[in-house]
Amino acid sequence: MNPWIILLGLVLVAAVYVVAPVGAAVLANYRRPWRLKCPRAGTEAQIKINALWAAVTEVLGRGTPTIERCSLWPAQRGCREECLALPPEALRPVRRGEAPPRARAEAGLKTILVPLDGSPGSESVLGAVGELARAHGARVRFLKVVSPVTAVASDERVVAFADQETSRLEVEARAYFKRLAERLPGVAVAEAVRFGEPVSEIVEEAEAAGADLIAMASHRRTGLGRLIRGSVAARVERATTIPLLLVRYGEPAVA
1 MNPWIILLGL VLVAAVYVVA PVGAAVLANY RRPWRLKCPR AGTEAQIKIN
51 ALWAAVTEVL GRGTPTIERC SLWPAQRGCR EECLALPPEA LRPVRRGEAP
101 PRARAEAGLK TILVPLDGSP GSESVLGAVG ELARAHGARV RFLKVVSPVT
151 AVASDERVVA FADQETSRLE VEARAYFKRL AERLPGVAVA EAVRFGEPVS
201 EIVEEAEAAG ADLIAMASHR RTGLGRLIRG SVAARVERAT TIPLLLVRYG
251 EPAVA
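Mapping of the sequence shown onto this note's numbering: residues 1 to 255, in sequence order.
Hints may contain errors.
Claimed, not checked - Listed below are the simulated EDC-like cross-link pairs for lysine to aspartate or glutamate, each with C-alpha atoms no more than 20 Å apart in a straight line:
{"#": "1", "residue 1": "Lys-110", "residue 2": "Glu-131"}
{"#": "2", "residue 1": "Lys-178", "residue 2": "Glu-237"}
{"#": "3", "residue 1": "Lys-37", "residue 2": "Glu-81"}
{"#": "4", "residue 1": "Lys-110", "residue 2": "Glu-191"}
{"#": "5", "residue 1": "Lys-178", "residue 2": "Asp-117"}
{"#": "6", "residue 1": "Lys-110", "residue 2": "Glu-205"}
{"#": "7", "residue 1": "Lys-178", "residue 2": "Glu-191"}
{"#": "8", "residue 1": "Lys-37", "residue 2": "Glu-89"}
In short, the hints are calculated from the structure, not lab data.
Kindly generate the complete structure, drawing on both the sequences and the hints.
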């Protein structure tokens, strides 16, 4: 028998019975958020490690895991990720429903993050949010995530540069938030505008703001669309331990 065929068979067996199970276990382990004491800031932080890359580096024995999110960002963004060199006992997995660390502990519902996309459908959650905020004396933080902008051109001529377009979108978003705040009388409202991918920006903002709850309207996809894309809300739920309040997109909340 050809020795190369035997060698290939052994490699395949090793991949199926050794590499794949180890990789799957490592991937499952790193998909969880972790809590630790930041070596640089000296305060508690919550991090999310790039699980796929961590699994690859551990199986191959080469490379270094990287951090996808940290509750101390953006203030500590650009750190050298010294926390990844901490001993395993310095990290602990975050329990479901456990809020990210914050400067001072506050019991109860204090901050509600409300992602909005600018459409009336996404505003369906405001009724439930207003009731919760007034009942618990909570703050509401509006968030709009906008796709990263580039220079706007017309007929090969630059009409607006990226920084100008970014400023324009921020002004529009804050004017939009001001109108929505009028629908929440008696509730303290803050605002945030982020540029990037919706799921990661929503989770990062929630963790950075110390949100106790994320409240948003959700599309209910069915069939192939749900299988391929899922909903933003479902992906947010998988990406964070912060509780999620969902109201059907485009329908008023039921009291």
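Results of checking the hints against the structure:
no.: 1; hint: Lys-110 / Glu-131; in the structure: holds (13 Å)
no.: 2; hint: Lys-178 / Glu-237; in the structure: violated (28 Å)
no.: 3; hint: Lys-37 / Glu-81; in the structure: holds (12 Å)
no.: 4; hint: Lys-110 / Glu-191; in the structure: holds (15 Å)
no.: 5; hint: Lys-178 / Asp-117; in the structure: holds (15 Å)
no.: 6; hint: Lys-110 / Glu-205; in the structure: holds (15 Å)
no.: 7; hint: Lys-178 / Glu-191; in the structure: holds (9 Å)
no.: 8; hint: Lys-37 / Glu-89; in the structure: holds (11 Å)
Violated hints amount to a single one, hint 2; each of the other numbered hints is respected by the structure.
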